[in-house]
Amino acid sequence: MMLTFLISFLLLQADPSAQVPQDDITAVPQDDITAVPQDTPVILSESEESINLGESEASAEENIDIAGIIFEHIGDEYEWHITEWKGKPVAIPLPVIVKSSTGWHVFSSERLQHGAHYQGLYIDPEKGKIVDEATGKRPLDLSITKNVLSLMMSTALLLVIILLTARWYKRHDALKEAPTGLAAAVEPLVMMVHDMARENIGEADYRKYSPYLCMAFLWILTNNFMGIIPFFPGGANLTGNIAITLVLALFTFFIVNLTGTRHYYKEIFNPDVPVFLKPIMPVIEVFSAMMKPVSLTIRLFANMLAGHIMILSMVCIIFIVAKYGPLMSGGMTVVSVLFGVFLDALECLVAFIQAYVFTMLSSIYIGLARAHEE
Amino acid sequence: MNLITPDMGLLFWMVVIFGIVFFLLAKFGFPVITDMVDERSAKIAQSLKDAQEIEARMARWKQEQAQMLEETRKEQSLMLRNATETKARIVAEAKAQAQAEADKILSEAKLQIEAEKESALRDVRREVAMLSVQVAEKVLRHELSDEGNQLAFIDQLVDEASKAPMHNSN
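Quick mapping for you: the protein sequence lines, in order, are chains A and B.
The numbers in numbering that gives the first Met the number 0 rise by one with no breaks, and the one at position 289 of the first sequence is 288.
The numbers in numbering that gives the first Met the number 0 rise by one with no breaks, and the one at position 40 of the second sequence is 39.
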């Protein structure tokens, strides 16, 4: 993982027009996160850098806005920009649902295009989010954005796939025939998670938790792969969005902590330690319990986001080098396509691994919370 | 554009959509699949165990069969031997019995012959005695035809008879 980071980082650096002030790399917004694992600042600094890279380029000469392109793809939008056709953008406008200081507003996002103001609302060009004119702050924004639409589509896809598989098992006697078609494809994945749940949670009550773990694994896997698909139904950076991974991690957190055994809570609040450690241990244990969802959130988010940024950077290299003559741009295009293929393959692997890791850690956390006195 | 600020709208939709789909799949999706597959795994495990058991039983049967065959063969040879022995014994016994019978008949015949001989001898002896008495009578009659001889003989007899009691009184 780090190696590919380094490669993409170096390739970004290799761009001759990139004049990045080193100070900006460390400019990580500190107020948003209180505790981030060691590896995240690297990603953040890189994305931060690509912003600066893009901005400096855009201001220096007439050039393509690399950061703009990248952030358009990894960020959220009020419309789904598919492509450009004869100089005109082809995009699906999505419904805006907002409760501002003037009440609820529901309308098409077409009305807010190009910085237009509508019903006292406009899209802040810097943040890319709807802002209330009256207060200058973000209203309660439940719009069906690109990510929400992608979320709906991929979740519906998962729902259909699983229900069709379940229907196969209802209609066929699984004791007499081997699964075919969709069931044959889904069964190994479901059973992998099911067996993982049995191993990590224990024979007694793993059945209660297995559906959640299956759901988490297949949902993450579906969305990771949907994110790799570069065109319309896919392409949204859903599992690389911190809100999504936060919700997933919170689901795990609540399942772990609302169904914990007496023994689990005793280990947190009254562990068997020397008396002088008694007041310290609960603090450490509670902190550690809190850190578990945070690490789950950041791990999935950072890995998927980094993958998207890497692939997009590879593609953008082609456009950056276009002005340096046919030889340079031809050579670099071959290189970047090769790297792009490599990174796409790598991302397929990462998509699976991250879904697996999230599910496995969730099952281990649940297993720890289901511990009984020995 | 802040990547690490969770967006409220997306949080809301994610909770709603993920929650609903999770509920649906946890009720109608995953348990159906996992239960069926678990059932199948259990059945496969059971079948394997059964097959193993049957195999063991078959092996046991085969062994038993071989053992039975072996036993039968042994019994057969034993019976054959017994039969031969019995035959020999019966023959021997028959021979012995025949011998005994023959001996008995022989000895009886001997005894009878002996008895016949004895009686024949007795007859002969009697006949001889009769003959000798007749001869003696004839001789005596011839001898004692004159007076002189008769007296001489009486004297001799008286003599002998008188001597004999003296011997006895002594």
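Where hints are given, some of them may not hold.
Stated by the list, open to error - With a straight-line Cα cutoff of 30 Å, these simulated BS3-like cross-link-like pairs (lysine-lysine) come out:
| hint | chain 1 | residue 1 | chain 2 | residue 2 |
| --- | --- | --- | --- | --- |
| 1 | A | K207 | B | K42 |
| 2 | B | K26 | A | K291 |
| 3 | A | K175 | B | K86 |
| 4 | A | K291 | A | K322 |
| 5 | B | K48 | A | K175 |
| 6 | A | K87 | A | K207 |
| 7 | B | K73 | A | K207 |
| 8 | A | K175 | B | K73 |
| 9 | B | K42 | A | K169 |
| 10 | A | K322 | A | K87 |
Said to hold, decoys possible - Computed list of chain A residues with no C-beta within reach of chain B, every gap over 10 Å:
| hint | residue |
| --- | --- |
| 11 | D75 |
| 12 | G119 |
| 13 | D140 |
| 14 | L141 |
| 15 | E186 |
| 16 | R206 |
| 17 | P210 |
| 18 | C213 |
| 19 | F224 |
| 20 | F250 |
| 21 | D343 |
| 22 | L348 |
| 23 | L367 |
Said to hold, decoys possible - Over 10 Å on every C-beta distance to chain B, these chain A residues come out as not near it, computed from the model:
| hint | residue |
| --- | --- |
| 24 | K85 |
| 25 | V189 |
| 26 | F231 |
| 27 | D271 |
| 28 | Y323 |
What the hints contain is simulated information worked out from the structure, not anything from laboratory work.
Model, not experiment: these values are computed from the prediction.
Glycine is no exception: its CB is placed at the ideal position from the N, C-alpha and C atoms.
These are the hints, each one checked on the structure:
no.: 1; hint: K207/A x K42/B; verdict: holds (22 Å)
no.: 2; hint: K26/B x K291/A; verdict: holds (27 Å)
no.: 3; hint: K175/A x K86/B; verdict: violated (66 Å)
no.: 4; hint: K291/A x K322/A; verdict: violated (48 Å)
no.: 5; hint: K48/B x K175/A; verdict: holds (18 Å)
no.: 6; hint: K87/A x K207/A; verdict: violated (52 Å)
no.: 7; hint: K73/B x K207/A; verdict: violated (65 Å)
no.: 8; hint: K175/A x K73/B; verdict: violated (49 Å)
no.: 9; hint: K42/B x K169/A; verdict: holds (17 Å)
no.: 10; hint: K322/A x K87/A; verdict: holds (23 Å)
no.: 11; hint: D75; verdict: violated (6 Å)
no.: 12; hint: G119; verdict: holds (18 Å)
no.: 13; hint: D140; verdict: violated (5 Å)
no.: 14; hint: L141; verdict: violated (5 Å)
no.: 15; hint: E186; verdict: violated (6 Å)
no.: 16; hint: R206; verdict: violated (8 Å)
no.: 17; hint: P210; verdict: violated (4 Å)
no.: 18; hint: C213; verdict: violated (5 Å)
no.: 19; hint: F224; verdict: holds (17 Å)
no.: 20; hint: F250; verdict: violated (7 Å)
no.: 21; hint: D343; verdict: holds (22 Å)
no.: 22; hint: L348; verdict: holds (23 Å)
no.: 23; hint: L367; verdict: holds (22 Å)
no.: 24; hint: K85; verdict: holds (29 Å)
no.: 25; hint: V189; verdict: violated (5 Å)
no.: 26; hint: F231; verdict: holds (19 Å)
no.: 27; hint: D271; verdict: holds (36 Å)
no.: 28; hint: Y323; verdict: holds (29 Å)
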